Every structure is written in C-alpha cells, then in structure tokens.
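Generate coordinates for the entire structure from the input sequences, incorporating the hints supplied.
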Amino acid sequence: MTVEKGNKLARASRDNGPGGKLATDPKLDSGSQKRIGDQLRAMYDELMQQPVPDRFRDLLEQLDKNGQKGGSQ
Numbered sequence: 001m002t003v004e005k006g007n008k009l010a011r012a013s014r015d016n017g018p019g020g021k022l023a024t025d026p027k028l029d030s031g032s033q034k035r036i037g038d039q040l041r042a043m044y045d046e047l048m049q050q051p052v053p054d055r056f057r058d059l060l061e062q063l064d065k066n067g068q069k070g071g072s073q
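Note that UniProt numbering gives residue 37 to position 37 of the sequence shown, counting from 1, and the numbers run on in steps of one.
No lab work stands behind these hints: they were computed from the structure.
Source: prediction; values computed, not measured.
Do not take every clue at face value.
To be verified - For each label pair, taking beta carbons as the anchor points, the in silico distance ranges come out as:
#1 L59 <-> Q33: 30 to 38 Å
#2 Q68 <-> K27: 46 to 54 Å
#3 L40 <-> L63: 27 to 35 Å
#4 Q68 <-> L28: 45 to 53 Å
#5 I36 <-> R57: 39 to 47 Å
#6 D38 <-> L63: 32 to 40 Å
#7 E61 <-> K27: 43 to 51 Å
#8 D29 <-> K69: 48 to 56 Å
#9 R41 <-> D64: 25 to 33 Å
#10 Q68 <-> G31: 48 to 56 Å
#11 T24 <-> L60: 30 to 38 Å
Backbone N, C-alpha and C fix where the C-beta goes; we use that ideal spot for every residue, glycine too.
Following this line, the structure appears as structure tokens:
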C-alpha cells in the first residue's frame, strides 16, 4: 500500500458520518488484499514457530492445577 492510499484510508476512518458509516467507501483491490494476507500469514507463521516463554508455561501450569482442584470438589 502506498503512503497516499494509507493516508486516504486514515482520513476516511476519521470522517465517520452519522450512524458510524464511513464518509467514503474505501476498498482494496484483490491484489492488495492478497499481499496483506500473505504478509500477515508470514508474520504469524514466524510467531508460531517461537517457543512459549517459561513464564507463560508456569502460568498455564498453575491454571491447570487450580482447575483440577476446583473441578474435583
């Protein structure tokens, strides 16, 4: 997306009229949509390859233990 298109979309989203409708009807062509989708998939695929941080793993274990205690009562 070019800077000009990005600025136009930002202006359109700020110019919401009554009822929350956009003042203009911004649309992306299919090529732009595909590029954005590909970039998002690549970014999230990379994120999913990263290990879970130890702190998160510890928190999940604590939640599991607390859930087991609460469920057996």
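Hints numbered earlier in the text: which of these fail when held up against the supplied structure?
Those not satisfied are hints 5 and 11.
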